[in-house]
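For the protein sequence lines, the chains are Z and V, in the order given. Quick note: the first sequence, position 200, residue 191 per my numbering, numbers continuous. Counting the second sequence from 1 gives a position; my numbering is that position plus 130.
FYI, nobody ran anything at the bench for these hints, they're computed from the structure. The reader is advised that the hints may include incorrect statements.
[Unchecked claim] Facing chain V, from chain Z, some residues (calculated, C-beta under 10 angstroms):
1. F48
2. I80
3. T112
4. A190
5. S193
[Stated by the list, open to error] Far from chain V by the CB rule (all over 12 angstroms, computed), these chain Z residues:
6. W(-2)
7. Q44
8. A66
9. L67
10. W119
11. A149
12. L156
13. V171
14. H178
15. A197
16. G212
17. R219
[Said to hold, decoys possible] Rough simulated footprint, nothing fancy, chain V against chain Z, three-plus residues with beta-carbon under 8 angstroms:
18. 49 to 62
19. 224 to 238
On a predicted model such as this, the values are computed, not experimentally measured, just so you know. By construction, the Cβ of each residue, glycine as well, lies at the ideal position given by its N, Cα and C atoms.
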Amino acid sequence: MNPIVRWFHQLGSPPTFDRFAARWSRVFYIAALPVLLVGLWQALLVVPPEARQLDSFRILYIHVPSAWMSLFVFALMALYAAIALIWRIKICEILAMACAPMGAGFTLITLLTGSIWGKGTWGTWWDWDPRMTSELVLLFLYLGVIGLYHAIEDRRSAARAAGLLAIVGVSLLPVIRYSVDWWGGLHQRQSISVFGDSAISSAMIAPLWWMVIGTKFWFAGSVLAKARADNLDREAGKAWVGERVEETPR
Amino acid sequence: MTHLPFVIGAYAVFVLVLLADAIGSWLRLRAARRQAQSRQQRQQARQSAQQAAPALTAELER
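Hey, can you work out the whole structure from these sequences and the hints?
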């Protein structure tokens, strides 16, 4: 068997996943810190103020990466949920459910920072703009997934039900992405492109990429830590959990 | 810096949510480990009690 395929198979085993998550959650958290600090330093102190919005545009460096993460995490959660439903891989169920809290966190950051930015530039905390409304629906979907997972006692049935909700909820993602093109509203059209040319100055874009990478690392650390806790909960009573707990008494 | 309260407020939200998430993850992991540990101790106590029980029965029968 191909070594990479074999490694993926081994990762599906709870003890192997526990070892992997214990090591890599810490690595990702530690890697995220300097990346985020560089991003924050550039965003707040290096980049010059924007001509019209002046310094309030600096909110972009946390608002946009969080908005991207809110969509990315939901898509990833639905992917894990689909894999778990099709191939019945327990670790994918755990990973899907571990995505939800951080995804909800990023959606909350997007809504709150957007609201603060909106007050500074548009003069209002909230408007039923299509992008804002669809992002709010995304937060409710995340909360629905979390709530459903905790409402059913049997962990596997709970993960399957919540996973199904995540898969159905994916249909909201294109609505959020294209809401501004379809219905207009207060939000401007897309000005930043990952692969093409961006409408904003290249001098202003560097901190954004630092923040995008930093939030990805932070998310990876968070999801592995949460998945590890859920894995230990589900496997409690098995011999390997006892050995692992005794091995590392912290 | 213009719009300072807005910038500070937005960045504070970002930092607080990320920190709350990290602390929440750490607390959950600690709770899971403690639960596993106490379960392990209970299992060990039950096993040693079971091992001691036959000896006691033999002693009483004598």
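Results of checking the hints against the structure:
1. About 9 angstroms separates the beta-carbon of F48 (chain Z) from the nearest beta-carbon of chain V, less than 10 angstroms, and the hint is met.
2. Proximity of I80 (chain Z) to chain V is violated relative to the hint, the smallest CB-CB distance being about 20 angstroms (cut-off 10 angstroms).
3. For T112 (chain Z), the shortest C-beta to C-beta distance to chain V is roughly 9 angstroms, which falls under 10 angstroms, so the interface hint holds.
4. This hint is violated: A190 (chain Z) has a C-beta 22 angstroms from the nearest C-beta of chain V, more than the 10 angstroms allowed.
5. A distance limit of 10 angstroms between C-beta atoms decides the matter here; for S193 (chain Z) the minimum to chain V is near 22 angstroms, and the interface restraint is violated.
6. Here W(-2) (chain Z) stays apart from chain V, with its beta-carbon at least about 24 angstroms from theirs, past the 12 angstroms limit.
7. With a minimum CB-CB distance of about 8 angstroms to chain V, Q44 (chain Z) fails to clear the 12 angstroms threshold, and the non-interface call is violated.
8. Non-interface call for A66 (chain Z) relative to chain V: holds, since the shortest CB-CB distance, roughly 19 angstroms, exceeds 12 angstroms.
9. Look at L67 (chain Z): its CB is around 16 angstroms from the nearest CB on chain V, clear of 12 angstroms, so calling it non-interface holds up.
10. Remark: the non-interface label on W119 (chain Z) is consistent with the geometry, its nearest Cβ contact in chain V lying 21 angstroms away (cut-off 12 angstroms).
11. Once the 12 angstroms rule is applied to beta carbons, A149 (chain Z) is consistent with being away from chain V; the minimum gap is 16 angstroms.
12. No Cβ of chain V comes within 12 angstroms of the Cβ of L156 (chain Z); the nearest lies about 21 angstroms off, and the non-interface call holds.
13. For V171 (chain Z), the requirement that its beta carbon stay farther than 12 angstroms from each beta carbon of chain V is met, with the minimum near 21 angstroms.
14. The Cβ of H178 (chain Z) lies farther than 12 angstroms from every Cβ of chain V, with a closest approach of about 16 angstroms, so its non-interface assignment holds.
15. Taking the minimum C-beta to C-beta distance to chain V, about 18 angstroms, the non-interface status of A197 (chain Z) holds against the 12 angstroms cut.
16. Against chain V, the non-interface label of G212 (chain Z) is violated: not every CB pair exceeds 12 angstroms, the least being about 8 angstroms.
17. For R219 (chain Z), the shortest C-beta to C-beta distance to chain V comes to about 6 angstroms, within the 12 angstroms cut-off, and the non-interface label is violated.
18. Counting residues of the region 49 to 62 of chain Z whose CB falls under 8 angstroms from any CB of chain V gives 5; the rule of at least 3 is met.
19. Counting residues of the region 224 to 238 of chain Z whose CB falls under 8 angstroms from any CB of chain V gives 8; the rule of at least 3 is met.
The structure fails to meet hints 2, 4, 5, 7, 16, 17 from the earlier list, while all remaining hints are met.
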